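Can you make the complete structure from the sequences, with help from the hints?
In the numbering used here, the protein residues as written are 10 to 171.
Everything labelled a hint here was simulated from the structure, so no lab data went into it. Any given hint could turn out to be false.
[Stated by the list, open to error] Keeping only pairs whose Cα atoms sit at most 25 angstroms apart, straight-line, the calculated PhoX-like set for lysine-lysine is:
#: 1; residue 1: K78; residue 2: K67
#: 2; residue 1: K138; residue 2: K127
#: 3; residue 1: K110; residue 2: K67
#: 4; residue 1: K78; residue 2: K116
Bear in mind that the values here come from a model prediction, so they are computed numbers and not experimental data.
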Amino acid sequence: MDEGTFCSTCMHYIKLGNVPPLAVSNGFQYPKQPACLAALNDLEERLVSLRIPFMQIKECSYDRQLGIKGTIVNVPITLNQTVSTLPKNINDTATIHVKLKRRLKFKSDYMYRVINPKRVFEAASFLMKTPCISHKMCPLIWIGMKSLRRKLLALVIIVLLR
Numbered sequence: 010m011d012e013g014t015f016c017s018t019c020m021h022y023i024k025l026g027n028v029p030p031l032a033v034s035n036g037f038q039y040p041k042q043p044a045c046l047a048a049l050n051d052l053e054e055r056l057v058s059l060r061i062p063f064m065q066i067k068e069c070s071y072d073r074q075l076g077i078k079g080t081i082v083n084v085p086i087t088l089n090q091t092v093s094t095l096p097k098n099i100n101d102t103a104t105i106h107v108k109l110k111r112r113l114k115f116k117s118d119y120m121y122r123v124i125n126p127k128r129v130f131e132a133a134s135f136l137m138k139t140p141c142i143s144h145k146m147c148p149l150i151w152i153g154m155k156s157l158r159r160k161l162l163a164l165v166i167i168v169l170l171r
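Shown next as structure tokens:
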């Protein structure tokens, strides 16, 4: 058997000679992540999420596991906002700079990254087809928009208006 690290709960069951309830053999297995979602960076993930968590994730000193430091602000996103257009066309290979702020009046950015609009649109289109999210998102924003530029800007404006 390969050696590995177990959490304290699983280790308790293993010491008793039982299979942990959260084991793959008990049917606990995550579905495979689609390629369109796996390719997203952290800012692109936030652009297609229904809630934007503002938190500080730091590495813990004792075991290099990631932990949350400070408070967490969870901002719900509504997709029924007015959509504007950018002055230039964004083709499929273009990347744009996006600044995500907690509030527009703040000078500093929470996140500043270069994103690929095509990947954001593909991920949002995939998520709108899933049963968990399809009833929460408003697909009317995406219907009728022929340019990728407008679809991406709809997401960016929604994030910035919060």
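Which hint numbers doesn't this structure obey? Violated: none.
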